[in-house]
Amino acid sequence: MTTPLVGYLLVAALLFAVGLAGALTRRNAILVLIGIELMLNAANLNLIAFWRYGPHPEALTGMMFAIFSIAVAAAEAAVGLGLVIQIHRHAQTTDLDQMNRMKG
Amino acid sequence: MTEKADQLFVLLKDWLVSFLPGNWQGVAGVILGVIGIAAIYPTLFALAVLMERKGLGRMQNRIGPNRVGPFGVLQPIADAIKSLTKEDVVPVNADKTVHFLAPVVLVVVAFMGFAVLPAGRNMVLVDMDASLLFYFAMGASTEVSIFMAGWSSRNKYSLLGAMRAVAQMISYEVPLLLSSVVIVMMTGSLSLVKIVEVQHHYTWGFPHWYILTPWGLAAFVMYAIAATAETNRSPFDLPEGESELVAGYFTEYSGFKFALFFLGEYLGMLSISGLGTTLFLGGWSAPFSFLEWVPSWIWFFSKVMLSITVLIWVRGTLPRLRQDQLMNFAWKFVLPMTLLNLGVAALWRFMGEGWLRWIVCSAILIVVYVVAGRTEMRRKHFGPRSYRYAE
Amino acid sequence: MLGEGILKGLAETAKNFAGSFVSEDRLTTVEYPEQRIPTAEAARVFPFLVYDGTDWEKGLRCVACQICEKECPPKCIYIEKSKDKKPDYVGKMQIYPARFDIDVSVCMSCQICVEVCPFEAIKMDTEFELSTSDRFGGLLFDREQLAKSNEHYHKIHPTEASEVDARLAEEKAKVEAKAKAAAAAAAAKAAAPAASVTAPVKSESTPAAGAPKAAEAAAAKPMAQTTTAAKAADAALNAPAAPSGKPAPASTEPPKTAAPDAGSKTSGE
Amino acid sequence: MSFVFWLVAALTVAGGLAAVLLKNLVHCALALTVAFAGLAMLFLQLDAQFAGFAQILVYIGAVAILVVFAILLTRSSETPKGAGIFSRTWGAGLVIAAAVFAVIGWAVLQSGAGLPHETGVPSVSVQQIGNALMGRYVLPLEIVALLLTAALIGAVIVAMHEKDGAK
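Heads up: the protein sequence lines correspond to chains F, U, G and P, in order. Count along the first sequence from 1, then add 1; that gives the number in the numbering used here. Count along the second sequence from 1, then add 109; that gives the number in the numbering used here. For the record, in the third sequence the residue sitting at position 128 is 123 according to the numbering used here, with numbers rising by one throughout. Count along the fourth sequence from 1, then add 81; that gives the number in the numbering used here.
Some hints could be false.
Examples of chain G residues toward chain U, derived with CB under 7 Å [as the list claims (entries may be wrong)]:
1) LEU5
2) ASN11
3) SER15
4) ARG21
5) LEU22
With a straight-line cut-off of 20 Å between C-alpha atoms, the simulated EDC-like cross-links for lysine to aspartate or glutamate are [as the list claims (entries may be wrong)]:
6) P/LYS104 / F/ASP96
7) P/LYS104 / U/ASP204
8) U/LYS441 / G/GLU(-1)
Just so you know, the hints here were simulated from the structure itself, not pulled from any lab data. The model shown is predicted, which means the values in this text are computed figures rather than measured ones. Note that CB positions come from ideal geometry on N, CA and C, so glycine has one too.
All chains should be built: construct the whole structure from the sequences, respecting the hints.
And the structure:
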């Protein structure tokens, strides 16, 4: 393993930025969720990388954090997509620019 | 001699690898293993196709293929040649890239599952700690390829078939995983090699297979049901219901790509049978201690083919389920039963040695099975079909 | 219990599987081109024309009345009448089809032609392997292809063919009886002494079933002519001795199943 | 092997970029699975087998499929031809994302010298992970279990059709 930790951190940062850009710039609500998933994954990569290169890998802290993060992300995706479907049913659109009213 | 026959393939690999310089030997060993997998399982695929066509024919009072070669045994070769030489038709509106990638992904993923299956003593390509998890990760990835196939064809039948397949596979993945978790619980390992080794013991000549325990048998039955649904086999073959969806998600595939789908489907069957063999039927271990002289890989492959035979037999027997019956069965019967089985397995573990646990565990499972089955049947969740005409 | 039905079904398919190796009932499929299931007697595919005797052109029962042509719903029959005439099974002179074509690619096997035919000349065949590489001409059957012997008819529909033959024999017997009566009347009227010669001959020939031929021969010729008693008596005498010289050959005889029947009727009258 | 790392990293980032840039939503979801697969491979490179396979199982097997289902269920609302795929305020979003990347990247590169480069491969078996989950981390595990149950029920209720008479 010759790749330094910096490599993983940079990739994670790039992925996070890509996810953030997607979440902030796309119109479609599902795409925003995809962006958020990417950001969560970038964070996971960071956690795993720090676990691998950290001083106490046998303590499994980073790994555990990542595993719990994966589980939480799954829950987040389920609820988020449920919300998107409900909004779509309500407003007949998933375009976030058009969702500018609080009252249906 | 027995030892040599048992380790035939391992010794062969070692002998071939020994011609190479030291630092290449590891890589070469893996490549040879991959070649072995890529040679053996497609052969078994051809055999399974032949068995299916002949056996299904016999069950339906007909002879089956009998023209190519003696008794039609060369039929799979004829089929292969036909598939490979046929025109490859891609719909005009199809998403060409995704349409092309779908069968490739399916077959690649299907092959990867074999990497962790121990086909015999010391005959496993990758022995890792989390090999069961790896297997299920690969199994979950096939859903993506099926969706890709259905969506990219731009055909409503394909899309409906794909959505049905994906919904069904997700639903039955839960009982599949949960019924396997019981084994993991009792073994204390996710490594398939270790799971087989634990089962490779004998008491009075009888093996310690997990299917020979009450919870193991229950888990095996649930596993078999979920595996049948997972591979889209009859009676769970709604995704390719000919009467309504032409051929399901591979309606728009022809020629070589169709052959790949066909191959992927059978490889999925083979690998899920192999996993079932490994988890419940003692993998490569012999069924009786006096039969141990038979090479381990013979036992593994014969058990796999036996499982395939049962799948074919079930296919020849049962009619297709309706969508609501399918889902009700998964969520209202199989899933609760697997959860109960987890508890029963824990009970077994903590009751210690003795005959009492046999009685208690069997009693719980049988009582719940009968009661739950009756209740569900009465509620018509998956009982006989009832039709409501104009309401 | 849940799953009972599944086990029952599995047992049934297992029985089918194992039984297919030992029992004929569990393996109803045969390997078609080599093995065939005998066709059912009621099987019907496309029409054919029945002929009596060995020469299809002479023995064709069809008299080109064109009823079938008119009745055929998809209009797949095409008939051209002949200019000349030939004798039919009772010896009556009839026209015959100079051309008789059926386009079996159009035929819908409705069997209406068979039902309307008053001469029992067109029947349904059981031949179904009719594929041809010639799409247009290959399925247009002409007279020669359509003509099939009465034996063939007996082979494919034995019961029906026997009935038909019995009916034909009956008709023939009636015609013959009429001819006999006419001949007898003519003989009695024209020459009284000749009658004494004729009567013993008749009584001799009836058991040998030679009477039909004699009567036929008598009916064929003397009906048209104004016969003398001597000529009629000659004909009656010559007929059993030299049947080959006359237009009705031996094969016009009703087939074996019908023969005793016809014979008894003839002798009864 | 550094080369493999860069290859996989490039694949992951390309997948992520495609997921946020493509016009067709289903293509976005498929690109997302590529990114997920790349991330799983990165996890494997980091000797985190369990996390890697869990990543494939959960993300590719469940989340991606969920996204695809959501896309197909809301398909009637696909952005009309004329309108762009990006929001009106895409400029601001891009600037923020770029700024975030700049800050993180700067921070990473600044501390690059102090970061460890080479450590021994940690020998962590799945059994250890299991023991940790059931021992030290049992409370988080239970909370996650509760969260997942809540999310399951919540998602079903949120997405369920409201019956007319139910109100």
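Going down the list of hints, with the structure as the test:
1. LEU5: holds (5 Å)
2. ASN11: Holds - the Cβ of G/ASN11 comes within 7 Å of chain U, reaching about 5 Å at its closest.
3. SER15: It holds, given that the least Cβ distance between G/SER15 and chain U is near 4 Å, below 7 Å.
4. ARG21: Given a least distance of 6 Å, the restraint on G/ARG21 holds.
5. LEU22: holds (6 Å)
6. P/LYS104 / F/ASP96: Satisfied, since the Cα-Cα distance of roughly 14 Å is no more than 20 Å.
7. P/LYS104 / U/ASP204: Distance ~14 Å between P/LYS104 and U/ASP204 Cα, so the pair holds.
8. U/LYS441 / G/GLU(-1): holds (19 Å)
Checked against the numbered hints given earlier, the structure satisfies every one of them.
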